[in-house]
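Number of protein chains: 2
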Amino acid sequence: MALISIIDGFHPMNNAKLLDRAAELKPTLHHRIVEPKGGFQLKERYSSEIKDIVLHRVHHLALGKGDNLCLDFGTHNVGYITLDLSYSGSHPDAPAYLKLKFAETFKELSENSDDYGGWISTSWIQEEFIHVDVLPAQITLPRRYAFRYLKITTMDTSQKYKLIVKHAEIRTETSADWSKVNPCPSTDPLLQKMDEVGLRTLANCAQDVFEDGPKRDQRLWMGDLRLQALTNYVSFRNYDLVKRCLYLFAGSRFPDGRISACLFTKPYVEADDTWLFEYSLFFTVALEEYMQQTDDEEALNDLYDIAMQQVEIALRFVTRDGRLSKEAADAAFFDWCEGVDKEAAGLASIIYTLRYARRLARRKNDWSQANWLMEQLDKLREAAKKNYWDEEKQCFVSNGQVNLFTQVWMVLADVLPPEEAKKLMERSDEFAHLYPMVTPYMHHYYISALLRAGLKEKALEHMRFYWGSMLDAGADTFWEAWNPEQPDASPYGGSIINSYCHAWSCTPSYLIRSWFSREKHTDDHL
Amino acid sequence: MALISIIDGFHPMNNAKLLDRAAELKPTLHHRIVEPKGGFQLKERYSSEIKDIVLHRVHHLALGKGDNLCLDFGTHNVGYITLDLSYSGSHPDAPAYLKLKFAETFKELSENSDDYGGWISTSWIQEEFIHVDVLPAQITLPRRYAFRYLKITTMDTSQKYKLIVKHAEIRTETSADWSKVNPCPSTDPLLQKMDEVGLRTLANCAQDVFEDGPKRDQRLWMGDLRLQALTNYVSFRNYDLVKRCLYLFAGSRFPDGRISACLFTKPYVEADDTWLFEYSLFFTVALEEYMQQTDDEEALNDLYDIAMQQVEIALRFVTRDGRLSKEAADAAFFDWCEGVDKEAAGLASIIYTLRYARRLARRKNDWSQANWLMEQLDKLREAAKKNYWDEEKQCFVSNGQVNLFTQVWMVLADVLPPEEAKKLMERSDEFAHLYPMVTPYMHHYYISALLRAGLKEKALEHMRFYWGSMLDAGADTFWEAWNPEQPDASPYGGSIINSYCHAWSCTPSYLIRSWFSREKHTDDHL
Numbered sequence: 001m002a003l004i005s006i007i008d009g010f011h012p013m014n015n016a017k018l019l020d021r022a023a024e025l026k027p028t029l030h031h032r033i034v035e036p037k038g039g040f041q042l043k044e045r046y047s048s049e050i051k052d053i054v055l056h057r058v059h060h061l062a063l064g065k066g067d068n069l070c071l072d073f074g075t076h077n078v079g080y081i082t083l084d085l086s087y088s089g090s091h092p093d094a095p096a097y098l099k100l101k102f103a104e105t106f107k108e109l110s111e112n113s114d115d116y117g118g119w120i121s122t123s124w125i126q127e128e129f130i131h132v133d134v135l136p137a138q139i140t141l142p143r144r145y146a147f148r149y150l151k152i153t154t155m156d157t158s159q160k161y162k163l164i165v166k167h168a169e170i171r172t173e174t175s176a177d178w179s180k181v182n183p184c185p186s187t188d189p190l191l192q193k194m195d196e197v198g199l200r201t202l203a204n205c206a207q208d209v210f211e212d213g214p215k216r217d218q219r220l221w222m223g224d225l226r227l228q229a230l231t232n233y234v235s236f237r238n239y240d241l242v243k244r245c246l247y248l249f250a251g252s253r254f255p256d257g258r259i260s261a262c263l264f265t266k267p268y269v270e271a272d273d274t275w276l277f278e279y280s281l282f283f284t285v286a287l288e289e290y291m292q293q294t295d296d297e298e299a300l301n302d303l304y305d306i307a308m309q310q311v312e313i314a315l316r317f318v319t320r321d322g323r324l325s326k327e328a329a330d331a332a333f334f335d336w337c338e339g340v341d342k343e344a345a346g347l348a349s350i351i352y353t354l355r356y357a358r359r360l361a362r363r364k365n366d367w368s369q370a371n372w373l374m375e376q377l378d379k380l381r382e383a384a385k386k387n388y389w390d391e392e393k394q395c396f397v398s399n400g401q402v403n404l405f406t407q408v409w410m411v412l413a414d415v416l417p418p419e420e421a422k423k424l425m426e427r428s429d430e431f432a433h434l435y436p437m438v439t440p441y442m443h444h445y446y447i448s449a450l451l452r453a454g455l456k457e458k459a460l461e462h463m464r465f466y467w468g469s470m471l472d473a474g475a476d477t478f479w480e481a482w483n484p485e486q487p488d489a490s491p492y493g494g495s496i497i498n499s500y501c502h503a504w505s506c507t508p509s510y511l512i513r514s515w516f517s518r519e520k521h522t523d524d525h526l
Numbered sequence: 001m002a003l004i005s006i007i008d009g010f011h012p013m014n015n016a017k018l019l020d021r022a023a024e025l026k027p028t029l030h031h032r033i034v035e036p037k038g039g040f041q042l043k044e045r046y047s048s049e050i051k052d053i054v055l056h057r058v059h060h061l062a063l064g065k066g067d068n069l070c071l072d073f074g075t076h077n078v079g080y081i082t083l084d085l086s087y088s089g090s091h092p093d094a095p096a097y098l099k100l101k102f103a104e105t106f107k108e109l110s111e112n113s114d115d116y117g118g119w120i121s122t123s124w125i126q127e128e129f130i131h132v133d134v135l136p137a138q139i140t141l142p143r144r145y146a147f148r149y150l151k152i153t154t155m156d157t158s159q160k161y162k163l164i165v166k167h168a169e170i171r172t173e174t175s176a177d178w179s180k181v182n183p184c185p186s187t188d189p190l191l192q193k194m195d196e197v198g199l200r201t202l203a204n205c206a207q208d209v210f211e212d213g214p215k216r217d218q219r220l221w222m223g224d225l226r227l228q229a230l231t232n233y234v235s236f237r238n239y240d241l242v243k244r245c246l247y248l249f250a251g252s253r254f255p256d257g258r259i260s261a262c263l264f265t266k267p268y269v270e271a272d273d274t275w276l277f278e279y280s281l282f283f284t285v286a287l288e289e290y291m292q293q294t295d296d297e298e299a300l301n302d303l304y305d306i307a308m309q310q311v312e313i314a315l316r317f318v319t320r321d322g323r324l325s326k327e328a329a330d331a332a333f334f335d336w337c338e339g340v341d342k343e344a345a346g347l348a349s350i351i352y353t354l355r356y357a358r359r360l361a362r363r364k365n366d367w368s369q370a371n372w373l374m375e376q377l378d379k380l381r382e383a384a385k386k387n388y389w390d391e392e393k394q395c396f397v398s399n400g401q402v403n404l405f406t407q408v409w410m411v412l413a414d415v416l417p418p419e420e421a422k423k424l425m426e427r428s429d430e431f432a433h434l435y436p437m438v439t440p441y442m443h444h445y446y447i448s449a450l451l452r453a454g455l456k457e458k459a460l461e462h463m464r465f466y467w468g469s470m471l472d473a474g475a476d477t478f479w480e481a482w483n484p485e486q487p488d489a490s491p492y493g494g495s496i497i498n499s500y501c502h503a504w505s506c507t508p509s510y511l512i513r514s515w516f517s518r519e520k521h522t523d524d525h526l
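Protein sequences appear in the order of chains B and U.
Take our numbering: the final residue in the first sequence is number 526, and no numbers are missing along the way.
Take our numbering: the final residue in the second sequence is number 526, and no numbers are missing along the way.
These are computed hints drawn from the structure, not numbers from a lab.
Incorrect hints may have been included.
In this list, chains with the same sequence are indistinguishable; a pair is considered to hold if it fits within one copy or across any two.
Said to hold, decoys possible - Below, simulated DSS-like cross-link-like pairs (lysine-lysine); rule was C-alpha separation at most 30 Å, straight line:
id: 1; residue 1: K160; residue 2: K99
id: 2; residue 1: K266; residue 2: K166
id: 3; residue 1: K385; residue 2: K456
id: 4; residue 1: K422; residue 2: K386
id: 5; residue 1: K364; residue 2: K65
id: 6; residue 1: K99; residue 2: K162
id: 7; residue 1: K37; residue 2: K326
id: 8; residue 1: K422; residue 2: K166
id: 9; residue 1: K107; residue 2: K65
id: 10; residue 1: K160; residue 2: K326
id: 11; residue 1: K266; residue 2: K99
id: 12; residue 1: K99; residue 2: K43
id: 13; residue 1: K160; residue 2: K17
id: 14; residue 1: K160; residue 2: K26
id: 15; residue 1: K385; residue 2: K326
id: 16; residue 1: K166; residue 2: K65
id: 17; residue 1: K458; residue 2: K385
id: 18; residue 1: K160; residue 2: K266
id: 19; residue 1: K65; residue 2: K266
id: 20; residue 1: K266; residue 2: K162
id: 21; residue 1: K160; residue 2: K65
id: 22; residue 1: K364; residue 2: K423
id: 23; residue 1: K65; residue 2: K193
id: 24; residue 1: K458; residue 2: K17
Hey, can you work out the whole structure from these sequences and the hints?
This is the structure we're talking about:
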């Protein structure tokens, strides 16, 4: 996730008590040593065939000026690289000048940083230029990288010697504990693979906090957190990490109490001056889901008021006649698809959240609040139907625009009776063409809507198709953005900057473990 | 100094006892904190005027993508840089990606690394690309740099913030102890300035060993060491550092006993597989001069045989009729001027060294050796006169070529009687045109020859002209190569790679303190 929002003079409202509690919940990080599975040399021009020229004796290869060696570590890893470097020829009489390019996917290896002209900072591109003054040397780079491939290019050695890469290893880092994970309940090989890749995605994003992506942004986003938490509950079960992240969001908010879309934790905790309408609401949803898992009274006591506040703030953006204000609609996200009218879907996200808020109020024995929330729910469902349902088209219309996003969120908000919701979602393909979904994040909510409408087979089929096509394209972890019809697309003006291990894409593991392997479901995190 | 010599299967002969003694003599390094004297911003295109736009409030400047800030630390320094970095705007949502360019001279700041196509490794160019993940941050770079200017370019920040350089400082490093230095004995402002710059040059090269240049090569070269030692004796008087360097050269030699032209000390001591004919001989010269200063019996006992061996090896390259073999002539250096025939000068360098070797033998009471050396001296002086003196041209001719290098070394070798040497050196301008000297190293020997020929005024005049023109061109330390008529020339195919603080250029301090401020001279290190 990456958005540009700048609020002049922004100072978040911090709560020392909540932040101290979050600090106490810092997770233990686990490490593992991973060595390359093979190596190859890449020619100037991209060629997929080169991938087959595997060098089995990488440590015998002498690299002169301009030569490269690509190491393949087998799958996606997050951690620190150590290289044992030596030389052949005379004693090195000049430093070795190396370019190191870390790539999550094979394609990235051949992409050129200078070609990127998008709106995100190029500083996220994982490449370094380093001088090694003395050889032989063992060097460990101080920064953490997310990668499967490492391309080492010798920018220069000297005429007297060539570089030899004797050994390389990654010290991986994650707060996910694989020993806590039960075997995949499915016997279907595709679902097993999908589950494995989903869990690796989550594990590689589970660091000191739940990061959105270990390559880019590397920080807490509320929309990602909610989906990470769901998947975490059926796998690594690190409840304290979810709690820590909720306390962090609660501990640094907008001055008016809103939960920020995203949070920085270094060098100190500070809410970003970015507001995403439905992300603030997901705090309430995520807290309720956390309570379902843990019955954690401390968290309920500390965070309940803040959860209720998010709903109350959101309701201020609803007009007297039950529409969402333009300001709020513009601040909603849902997906990177451009041109989508988000007014109706934004209203639906409030209704959706009211359901979770009411459960929280009941759990807190706050009956007057629960009743008030029920009233709001009824009122907004009615308004949503009245304002956005088009009798002729038999679907929801947002400011004259028909899009799938609106239908999905209206179904998730229970605005339609079950049979009508089912009929609507059976026609989902009709709505998807003009404004296609481009993020696994939105695809997750699409599948949720199918499941909520009782279309379990269709949901499973879509998951197999969508995440399956990512697997077919070579994903070791699930990607931030993916449109099977436009494999090279990027919301950021260049795929080199895309994150190929992205938290909001890990949900197949949740869906497989919660929905597609059991007969009965006790939860409904849809 | 930099040369490309590669000997397949080269293994130096190491002497553990000598190397252990060298290790014991490791100097203490002294440090000082230096802050910038001002700052400026450089436009894309080189402009010397920009230098005048001095920013007095550097720490208020916000640097966006592509902006630069140049810091001027007032003079040439060698050491480690620390930067205090902060930001203006929103909390940084992406790393800062910076290019740091360290420049010894103002001109280097505007030179482009990509334009260099010479034969030396570009890895010597002092520039780094670094990612700063968290701001504010204090960062200290691990490598040592030689520089007066630091150009910080923000390759990228993000749209949310700009970079601020709040503070910068250098922790300088040298083994030279300034408290040991007597005031400059001259009252002439130009000589005082020249002495100051010469001493700074020596100090900035005086590190763990006497380096040739702290920017490039950064290691012991025998030709540089001899001149550094001479200047050191009249300034910092670090006799142990000279001793350490002599032991290092003696401790790792060619398998046949030859002193290597240069030595690596990291990760372990190893002679380079480079032989320069007169450099090997300078070991003998430098030991004799060290003994004059110290009467160090241990050094004499440990190194005498090796010093004698250098002379004996050199004599093997003299033909029966008293000429220098082509192999040896080709291995002589003298200067970076191209096309110079070095046969006669090479022979002269043996004769010159025989004088020092004989003194060593007498000091060692090795009378038979002293007598033998005297015989060789007489024999070779006669042969040199016979083989290379041209009666018609009234100068020395080497394989049909008249050059200044030959005249200088023949005079230094006392091949002519004093009056004839004087006459020859009075005509020195005649010989200089076709093959101009381009290094201060050779200019030093030219001045030495003038002094040896009794032309003290002419010598002083030349020193004032040559090193003075470097001062006029802005030198804070004396440069590796300098031809006032071709200020941009480089022996390496591009001035960006030149060293602008080079040991062999520091000798004005020696000359001023030994020759141009006193009436009488007790030494004759010419």
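Against the structure, the hints come out as follows:
1. K160 <-> K99: both (20 Å within a copy, 28 Å between copies)
2. K266 <-> K166: Between copies, since 19 Å is at most 30 Å while 35 Å is not.
3. K385 <-> K456: Answer is within; shortest intra-copy Cα gap is 25 Å, inter-copy 106 Å.
4. K422 <-> K386: within (19 Å within a copy, 113 Å between copies)
5. K364 <-> K65: Neither. Shortest intra-copy (68 Å) and inter-copy (51 Å) distances fail the 30 Å Cα cut-off.
6. K99 <-> K162: both (15 Å within a copy, 26 Å between copies)
7. K37 <-> K326: neither (53 Å within a copy, 53 Å between copies)
8. K422 <-> K166: neither (60 Å within a copy, 61 Å between copies)
9. K107 <-> K65: both (24 Å within a copy, 27 Å between copies)
10. K160 <-> K326: Cα proximity of K160 and K326: across copies only (24 Å, versus 67 Å in one copy).
11. K266 <-> K99: both (27 Å within a copy, 23 Å between copies)
12. K99 <-> K43: both (15 Å within a copy, 27 Å between copies)
13. K160 <-> K17: Only across copies: K160 and K17 sit 29 Å apart there, 61 Å inside one copy, limit 30 Å.
14. K160 <-> K26: For K160 and K26, the Cα distance is within 30 Å only across copies (28 Å; inside one copy 50 Å).
15. K385 <-> K326: within (19 Å within a copy, 100 Å between copies)
16. K166 <-> K65: within (18 Å within a copy, 38 Å between copies)
17. K458 <-> K385: Within. Shortest intra-copy distance 25 Å satisfies the 30 Å Cα cut-off; inter-copy 103 Å does not.
18. K160 <-> K266: between (44 Å within a copy, 16 Å between copies)
19. K65 <-> K266: Result: close only across copies, 22 Å inter versus 38 Å intra.
20. K266 <-> K162: between (40 Å within a copy, 17 Å between copies)
21. K160 <-> K65: within (11 Å within a copy, 38 Å between copies)
22. K364 <-> K423: neither (37 Å within a copy, 110 Å between copies)
23. K65 <-> K193: Neither. Shortest intra-copy (41 Å) and inter-copy (42 Å) distances fail the 30 Å Cα cut-off.
24. K458 <-> K17: neither (46 Å within a copy, 81 Å between copies)
Of the numbered hints listed earlier, those contradicted by the structure are 5, 7, 8, 22, 23, 24.
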